[in-house]
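K.L.:
Each chain, written out:
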Amino acid sequence: MMLAAIVILGLGTYTMRLGGVLLRSRVGLSDSLQRLLPMAAAALLAALAATSTLMAGAAFAGFARPLGVAVGAVLAWRKAPFVVVVVAAAATAALLRLAGLE
Amino acid sequence: MRTIQRTLLRDAAAIAAAMVAVGASFGAIAIAYGLPTWVPFLMSTVVFAGGSQFLAVGLLAASPVAAVLAGLLLNARHFPFGMAIGSVMGNRWRDRLIGSHVMTDEVVAFTLAEPDPTQRRRTYWLIGITLFTSWNIGTALGVLLGTAVGDYESLGLDAAFPAALLALILPSMRDRPTRIVALAGAAIAVAATPVLPAGLPVLCALLGLLTLIRRPSSSRLSSEAEA
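Note that the protein sequences, when read in sequence, are chains A and B.
Residue 1 is where the first sequence starts when you use the numbering used here, and the numbers rise one by one after that.
Residue 1 is where the second sequence starts when you use the numbering used here, and the numbers rise one by one after that.
So here's chain B without its partners, still in its complex pose (with noise of 0.2 Å):
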């Protein structure tokens, strides 16, 4: 029991590390964007999906319509997160309403990775607490430092972040329907990427699940695309 609770402190030690990063380089852009101090600090805090807000940042100044959309779309996959998450972080009101704003990537799989069911509230708020914190001081040390930061590719954070989503989701890829419904819909993912909005390809992921159609149906199909 200890040593679980002591590699989930390490392992969430190691992601808020790159999330300050990568939050600093957000603050830097941000204010090299030359927008307003104030609007990076806000977006960390009300809108906290670093994606999203790297997104609209680029495009607040020009066009803060196209900016709501485009982030929007991004963030769409928090609803099939929230029902596939459902009530781990708690059953009372309090808990759904601030658990539900520290809902991140991150926080998912880390918490899919838990298999115990008692220890996954606490896997739940531990890491999305954390990461909320360590992503709102990596934004106020970019907005204070700027360009001081740097880049946080030449850091190669840009390969942690993928890195780490694996490692999380790995285990489940042992159960062989998971597995095919995964990889189906990342390859789906990965070939609509130059053709539609962001936020769009990782939402055809979900397409990846038509594997699951069973035999019967699916020689059916080809039958009558035969016919």
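This is chain A alone, in the form it adopts within the complex (with noise of 0.2 Å):
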């Protein structure tokens, strides 16, 4: 049962991932479309980044987090290079759990 399950949820994630591909080579895309999809990937990640930097489940996830991913967006948009945009926002929430802040 639990490997039926397991091959059900790769196979149908392989399905979704495949298939999003296979449909953007077989309908040829108009001009807004092709703009519009770049903008919805954009989307999709900006809500990721937002609901795992503020939610933890369906409740809030606590400051250190939020911090942490703060740090790293203010010197990523200051244009620091990628390393330590990940390492800075790890560093800073590490630091203030470690400092008791939750």
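No lab work stands behind these hints: they were computed from the structure.
From the three backbone atoms N, C-alpha and C, an ideal C-beta is built for every residue, glycine too.
Hints should not be assumed to be uniformly reliable.
As the list claims (entries may be wrong) - If you only want the chain B side, here are some residues facing chain A, beta carbon under 10 Å, derived:
1. Ala61
2. Arg77
3. Met89
4. Ala159
5. Cys204
To be verified - Not close to chain B: a few residues of chain A, all C-beta gaps over 10 Å, as computed:
6. Ser30
7. Asp31
8. Ala99
9. Gly100
Take each chain as given, in its own frame, and dock them per the hints.
P.N.:
Below, the structure written as structure tokens:
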């Protein structure tokens, strides 16, 4: 049962991945759709970033994580290298937790 | 050209290191839930979508059906991602069949952040293969070391991934319509998170595209609302 569940989840996820790719190559995309799709992807990624910053399940994630992400965001905005953004965000959240702030 | 490559390799290494640590947490948690050893390995190779794996591991023992449904809902965003990315991975069947499997949020973000179309394909494959490898190495470490790998939240890695996504989508935010669509979408997703099951809020972010409806039609809408 567990094996079946994992295989079905894997196949389903793969089908959605491949399905989007194939659909795009099958139907000729109009100019407006070609412009719209990167925006849709940006909206999804922004939503992922925002929800995973602020929420843990259905509740607020606490302060350490959003503050860490905020430090990373400011650094990214100031055009800091990607590595610096990632490490600074993690270090900030980790240090805040070490200091007792959740 | 060489410096671009070196930056990409360095960025890939950074995200891979974080991926190993989170993958290790996943492996350790799966074992802590009392699941057989083969479960985390099979999930990390066959499913390869971190969020849905964490979600499914919690549900698998109690209700495999719920684990599948929740996981599929969480992963539905890969369909629009696939449409947006299209044939970046290559036009041959082999490229599409293998390339689709390594598609993740981070791969999509890295690919869209690359302005040069010829460089995009390389970025997609480099990040995709790097993340698939590091996620599976991490999973193995977690299974082997168990709780000794510690909680990835104490390392602050739960802040690292959103920050990485933000850094990658920031350049596309220079375009005003994209910025408005993305901000509206993110706000809708956050607002919907307490009330909708995991996965749906992020899909609701697509409603942000409605902000593109031009003024004439929006004023018609508002006059209809007044009438």
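K.L.:
Taking the numbered hints from earlier one at a time, note which ones the structure violates and give those numbers from smallest to largest.
P.N.:
Hints that this structure does not satisfy do not exist here, as all of them hold.
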